[in-house]
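Chain B: place on chain A using the hints.
Heads up: the sequence lines are chains A and B, in that order.
Residue numbering for the first sequence follows the working numbering, starting at 37 and increasing by one per position.
Residue numbering for the second sequence follows the working numbering, starting at 6 and increasing by one per position.
Everything labelled a hint here was simulated from the structure, so no lab data went into it.
Do not take every clue at face value.
[Said to hold, decoys possible] Listed next, the in silico EDC-like pairs over lysine to aspartate or glutamate satisfying Cα-Cα at most 20 Å (straight line):
(1) A:201 / B:376
(2) A:114 / B:181
(3) A:114 / A:98
(4) A:201 / A:129
(5) A:206 / B:312
(6) A:206 / B:181
(7) A:114 / A:209
(8) A:201 / B:377
(9) A:201 / B:312
(10) A:206 / A:134
(11) A:178 / B:376
[What the hints assert, rightly or not] With beta-carbon atoms standing in for the labels, derived distance ranges:
(12) A:66 / B:179: 51 to 59 Å
(13) B:85 / A:101: 30 to 38 Å
(14) A:70 / B:182: 21 to 29 Å
(15) B:73 / A:93: 31 to 39 Å
(16) A:214 / B:183: 27 to 35 Å
(17) B:24 / A:63: 43 to 51 Å
(18) B:266 / A:137: 55 to 63 Å
(19) A:151 / B:396: 53 to 61 Å
(20) B:85 / A:137: 44 to 52 Å
(21) A:137 / B:182: 30 to 38 Å
(22) A:93 / B:179: 15 to 23 Å
(23) B:270 / A:214: 58 to 66 Å
Cβ atoms here follow ideal geometry from the backbone N, Cα and C, with glycine treated the same way.
One-letter residues, chain by chain:
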Amino acid sequence: MATVENSDEVVGGAPDGVRRRDFINIAAVSFAGVGAVAVVYPLVNQMNPSADVLALASTEVDVSQIQPGQAIKTIWRKQPIFIRNLTEKEIAEANAVDVGSLRDPQTLAERTLEGKQNWLITLGVCTHLGCVPLGAAEGENKGEYGGYFCPCHGSHYDTAARIRKGPAPKNLEVPEYAFTSDTVVQIG
Amino acid sequence: MSFPWAEHYTPKMPLMRWLDERLPLPRLVYNAIGAGYPVPRNLNYFWNFGVLAGFALVLQIVTGIILAMHYAPAGAIAFQSVEHIMRDVNQGWLLRYAHANGASFFFIVVYIHIFRGLFYGSYKAPREMVWLLGLVIFLLMMATAFMGYVLPWGQMSFWGAKVITGLFGAIPLVGEPIQQWLLGGFAPDNAALNRFFSLHYLLPFVIAGVIILHIWALHIPGSGNPTGVDVKGPQDTVPFHPYYTAKDGFGLGIFLIAYCLVLFFAPNYLGHADNYIPANPLSTPAHIVPEWYFWPFYAILRAFTVDFILPAKLWGVIAMFASILLLFFLPWLDKSPVRSGNYRPAFKKFFWFGLIPCVLILGYCGGAPAEEPYVMISQIAAAYYFAHFLIILPLISKFETTLPLPNSISESVLHGEKQEAAPFGVDGTKPATAA
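Pulled out of the complex, with its shape left as it was, chain A reads as follows (with noise of 0.2 Å):
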């Protein structure tokens, strides 16, 4: 008893003070608002990539069959990967446009590895609203740049799969691969 007189009558000394009952007040409420985070929480998460999908998260490819000028599409996370042998041609392009008039500037170089620099592995998904652009099998149309061209607003793409024009904002994205061998890639 002696202590609750005592704090009373050190805290609620000015009239305009925190009393005890405020801060218990306050202490409540504030764990109750802890609680409800924490119940929220898994509720939100729940809907994150779950481990099943999760578990995509790497994938081979055998590239040996792959000629120059020939590109295939393979699946990686459920999204296509566009894997290009560039040509010399396609190569000396690349490196011939200035890097510093792009809307995303990059060079060829920084797109693939060193030493495999005809090798270019992009996402198969325009940055723009993520369609998936033509251009990597064969009659398909390249767009006017010889890379990609994607239908849905028009997005062009060079041969670095660099955006040269329309609405996207990004080149086309390069996963994390590495070659494993001179002819398995693994992405991711």
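The following block gives chain B in isolation, referenced to the frame of chain A:
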């Protein structure tokens, strides 16, 4: 609201009296849509569309629940399960088409409902809450319709899901995590389809809840009317039942005739043929478009092609959402004290020759390929759309000379009767309306 002259509920049967003393539910209905709710007597046919929208919601819920008894929300079998409904389920073809076309007709009546409100100033005091809740319903409707269109898992379903969730991906920093959270993965797949099914089932019931608030908010001031003049006395109103229940019933008949004509004779006219191709994550259809009721907004989204501080893609997303969000501020942008467009000559011109063509043009461009001249036309139309609400309306409400209002609703009604009774070409009455 119940005006003082509203009829009072007096239970006639002993059972109803017993119920009324314990749970006055019949009384609530009587005062909401029965004879206990007096309504302006001069409502025209544009006032039918609220009831029609309510009917469309019921139609969608009933057909939707039935379809969910036969549909399987899994990537590998969703498309087949819809074909199973079309071919094997008894009258499944009818129910599937009824639901798909029901969505279109829901949007048709809601768009007319919205433009009714825009013309007659139904959003103005004291009905702002009705308007704001209506916009919430509209946003929920669009989310629901989008997720429903994904369920058949055709090409348009898949790529629609990809593009629409991609809109959220345009948000700086948090965009990509939000998109992955919405999809439950890196691209639309089972996880996305499964949750869209769950939410497509949930949201109609949220809509039904907000509709109750919408009607509640409307019944505080009572229904508006084509003159925009307040109700002054019993001579201005008639009880909702039987007068407007009968009129709404007639309107419902017309609606059902139009709906059934499309349902039976052109059930695929409003859809897109590509959605009869199963989803293929490796190939995008050359010309992907959303359903027709999203075209005006899609045109605004695509109208932004130049980076200016922010990337063009983000501008498009902001503009598209802003085109609806700005309507939330409409009651405070239009300051004219006159509600009805019938007495606002300048407003009327901008409404019929500005806003309406602008929205129709946006709709047309949204359905057309993203090429010139459509891109330029939708840029001009989108600019006009925003100018209409943010510049033209505030200026009109400041400078416009409005026409004299009728003294009361009943006066405007009687005036019309005199005019009708007069011989052709002879008009002995003073012009009270411009219409």
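Does the Cβ-Cβ separation between residue 93 (chain A) and residue 179 (chain B) fall within 15 to 23 Å?
-> Holds, at about 22 Å.
Range agreement (Cβ of residue 179 (chain B) with Cβ of residue 66 (chain A), hint 51 to 59 Å) = For residue 179 (chain B) against residue 66 (chain A), whose Cβ atoms are near 26 Å apart, the range 51 to 59 Å is violated.
Could you grab the alpha-carbon distance between residue 201 (chain A) and residue 377 (chain B) and see if it respects the 20 Å cut-off?
-> holds (14 Å)
Is the distance from the Cβ of residue 85 (chain B) to the Cβ of residue 101 (chain A) consistent with 30 to 38 Å?
-> Given about 34 Å between the Cβ atoms, the range holds.
CB of residue 137 (chain A) to CB of residue 182 (chain B), is that within 30 to 38 Å?
-> At 32 Å between Cβs, range holds.
Would the pair residue 206 (chain A) and residue 312 (chain B) pass a check requiring their Cα atoms to be no farther apart than 20 Å?
-> Roughly 12 Å between the alpha carbons, so the hint for residue 206 (chain A) and residue 312 (chain B) holds.
Restraint check for residue 114 (chain A) with residue 181 (chain B), where alpha carbons must lie at most 20 Å apart | holds (16 Å)
Straight-line alpha-carbon gap residue 114 (chain A) to residue 209 (chain A), limit 20 Å = holds (15 Å)
Okay, residue 73 (chain B) versus residue 93 (chain A) on CB: inside 31 to 39 Å?
-> holds (34 Å)
Restraint check for residue 114 (chain A) with residue 98 (chain A), where alpha carbons must lie at most 20 Å apart | holds (18 Å)
Residue 182 (chain B) and residue 70 (chain A) - C-beta distance against the hinted 21 to 29 Å = Because 23 Å falls inside the window, the suggested range holds.
Evaluate the given range 27 to 35 Å for the C-beta pair formed by residue 214 (chain A) and residue 183 (chain B).
-> Holds, at about 30 Å.
Hint violations for this structure: number 12 only, all remaining hints satisfied.
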